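From just these sequences and the hints, can you work out the full model?
For the record, the sequence lines run as chains A and B. Each residue of the first sequence is one higher than the one before, counting from 7 in this note's numbering. Each residue of the second sequence is one higher than the one before, counting from 7 in this note's numbering.
In short, the hints are calculated from the structure, not lab data. One should not assume that every hint holds.
For chains that are exact copies, the list does not tell them apart, and a pair is met inside one copy or across any two.
Pairs of lysine-lysine, BS3-like flavour, derived with a Cα cap of 27 angstroms [claimed, not checked]:
hint, residue 1, residue 2
1, K373, K32
2, K428, K442
3, K277, K236
4, K340, K121
5, K32, K241
6, K268, K334
7, K428, K215
8, K100, K121
9, K304, K415
10, K277, K304
11, K32, K428
12, K436, K52
13, K415, K373
14, K334, K121
15, K134, K373
16, K442, K304
17, K428, K134
All figures in this text were calculated on a predicted structure; none of them were measured in a lab.
2 protein chains.
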Amino acid sequence: MEMSAVDQMRLFFEPRSLAILGVSRKTGAGSFNILEILQNYGFQGKIFPINPNAQEILGLRCFPTVGTVPENIDLAIISLDRDRVLSAVEACLKVGIKAIIIISQGFADVGGEGKLLQDRIRGMAREKGARIVGPNTIGLVNNFHNFNTSFLPFDKAFSPLSIICQSGIFVVGFPNITGSFGKAIDLGNTCDVDFSDALEYYADDHQTKIIALHIEGLNDGSKFIQTVRKISLKKPILAIKTGRTEIGAQKAASHSGSMAGKDFLYDAAFKQSGIIRVNDIEELNDLAKGFARLPLPKGDRIGILTYSGGGGILAIDKAIELHLQLAKLSPATKQKLSSLIPPWFSLGNPLDIWPSAMQHGLQPMFKTYLWALLEDEGVDAVLSIFLSPELPNQECLDVSDILIEAAEKFPNKPIVAWPYGKNLNELIRKFESAGKVMALSSPDRAINLLSALYERCRFLQKRGVP
Amino acid sequence: MEMSAVDQMRLFFEPRSLAILGVSRKTGAGSFNILEILQNYGFQGKIFPINPNAQEILGLRCFPTVGTVPENIDLAIISLDRDRVLSAVEACLKVGIKAIIIISQGFADVGGEGKLLQDRIRGMAREKGARIVGPNTIGLVNNFHNFNTSFLPFDKAFSPLSIICQSGIFVVGFPNITGSFGKAIDLGNTCDVDFSDALEYYADDHQTKIIALHIEGLNDGSKFIQTVRKISLKKPILAIKTGRTEIGAQKAASHSGSMAGKDFLYDAAFKQSGIIRVNDIEELNDLAKGFARLPLPKGDRIGILTYSGGGGILAIDKAIELHLQLAKLSPATKQKLSSLIPPWFSLGNPLDIWPSAMQHGLQPMFKTYLWALLEDEGVDAVLSIFLSPELPNQECLDVSDILIEAAEKFPNKPIVAWPYGKNLNELIRKFESAGKVMALSSPDRAINLLSALYERCRFLQKRGVP
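This is the structure in structure tokens:
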């Protein structure tokens, strides 16, 4: 019986047994030894190192060829010099292996002869019903399966974010490129397994809630668009497309052998099919984390709570540029707060907490104001701008726990924060691990996240998704 | 003899004696006690607390009024309820004080009566030849003088960056808004002392090498432009202008009482007068630090050294969008490196170090490649993209010291870095304190800095400044 396409993708993401062709005897930092990384990662399946010159590497018996392995092999990982890859693939196909990752470089990424060699390998694999990831890839990561073929160790995270990329930097560059992710596939030169294949796997995968794409180029744009149109109704798909400029596109062609295509066509196609396009890696990081943590707002009316009038104006400019609305405070909200302000002050949005805080204490005022905003039915989302105090000296200025409590209490309104000042990074991390508030390093980035969440809500509404 | 305008500004930045009107007896975190902050900051001048209800505060004798202080007072700081400010200013003027900071809120920032009160106070001060900073300000910081009137303590830095702003957030929000600064003045409502006054002080100040402005609005645009046109030839002036949108501008009017004006007019005027306009606080931070640390490039040809083809393409897109050129490697450079690459690989820009690093070791190759780029006469600036390794485990992958050595050895070419991955923030800090390499958290931001440095070079060339 033939395997379904998604089942075959499972061999890549959830192999029970694998062979590594090209295992080095060098180990330790700087050796980039795939076998060592896999073992340290806690991989539970069987590993068959293939090396004709070694009896044993890292405690595992070596086999001279895949043909001499006495058991079934779900997946082969080939990390050999380019000129030895073709015969290695042949050997894998001969023993019926249906999933092959080619790590090696020097194929379509260098053009000419490399491209021809890649085409030949793909043809051979297709004939036998085998799939290839790569070449020129660092392969896959599936943290839920303790599986990692990249040659760099990193912290395992169990995140609902899954990645599809065409450059290993989007895997090994975590957390500052994408944030923590649960699964990743680097398509490299994308000679066979492509975005659509990986998307179909993620679509049905219950461990994947958000998908992030790094696209250098697409070989089959219409198939891609059909696939994302279907999947974007179920899961948000973020995408960074590089090779935006002509020179960038030329380099993309020589990097992963991709045709980058005209950028404006991508832009239009992305919008239509529900892809959320991001412009740089920091935005990718913000949105990947934000979509994992925050509810979608029901509308575009934001409330801003701030210590600083000047900080509020920074946020307003960005909000208006991104077509969000400043919420109008309800009479009930103003009524609640009116006794807390000096007579010369007037309440508005942004809601400047400073005069009240100076009179009545920062923490109690912060909580009162924040609750008032979140209870206001005219407010769909909240941005909180405050100073991140030095701890433990200034504990009495710390409002982070109040924000975390608010997010628990008001789970249907996204709360973003810009905790400016010295302890910004500490607070970003604190909110990240607490889970339901998202702190960002500028008001622009905080507002941009709210805008993306709102756009997602609008897209789903238009498509009639409840 | 009358004081010169700059000498009078010195009373604000370098007072030898000051009176504080409105000193609280509350101390400790959360009390926002100006006197306490000033003492902790190590201020060496005389301080006269004015408080009719206290004999002594924080070890200092209190005076019931400024009139009872038996010595000369360079500067008065008024932090009283709004309705007591006018008579306090009167008392200061009466004893001949020529510099007054009004911290209190509730003036043009709330409009109406507040605005009238502010105008009256300004009129009184002008009559007596006194200058006023504020109202609605946190005042000044001069770290070289151990002087800080803000109500929040922070680390003292001796940075060549000086700030002029209209919101205290640009002072207390350091380091993540502006980076470390040496001097700052918050103009608040800017009823009297304005951007031009502060710029004239900074222009002649040998401790100031870079000036950053936060502008909500200008009352006298043509005077401002005349001033910056002159000073931008000597020192780079960065500016963030808020109230870009109409709603943002309205809020700016109600924050600092400023007229924000049409944004495109600012844009044109800034360009003409040599102001480097930044779009958000992260860009302000990047450029402020970058201009303090890096030499200006002689041209627009950048060389990119990268571990990752995909990372290189991210940088190219941004470089091309900002009109920078990708340097063409000279034949000599290619010759130097040709023996280090596999036969199927070809050298280009971005210079992908990975194949050589895998064969010959990462650190030696990194140094060889980096030196080759910096020695190439066709390369004006370098961006290095590399993985920030986990330390101390992966010390053999650490290239930060090689970059620092390169910056010493090639002091005329700016080097920026994007050390992606887990230890990004640690490496940013390491380079910041080492001083001559600037690391940024994305390739876009790294390229944007190089572009700003190059634009500054072009501006000076056009104006005939050597």
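Legend entry - Indices of hints not satisfied (ascending): 5, 12, 15 and 17
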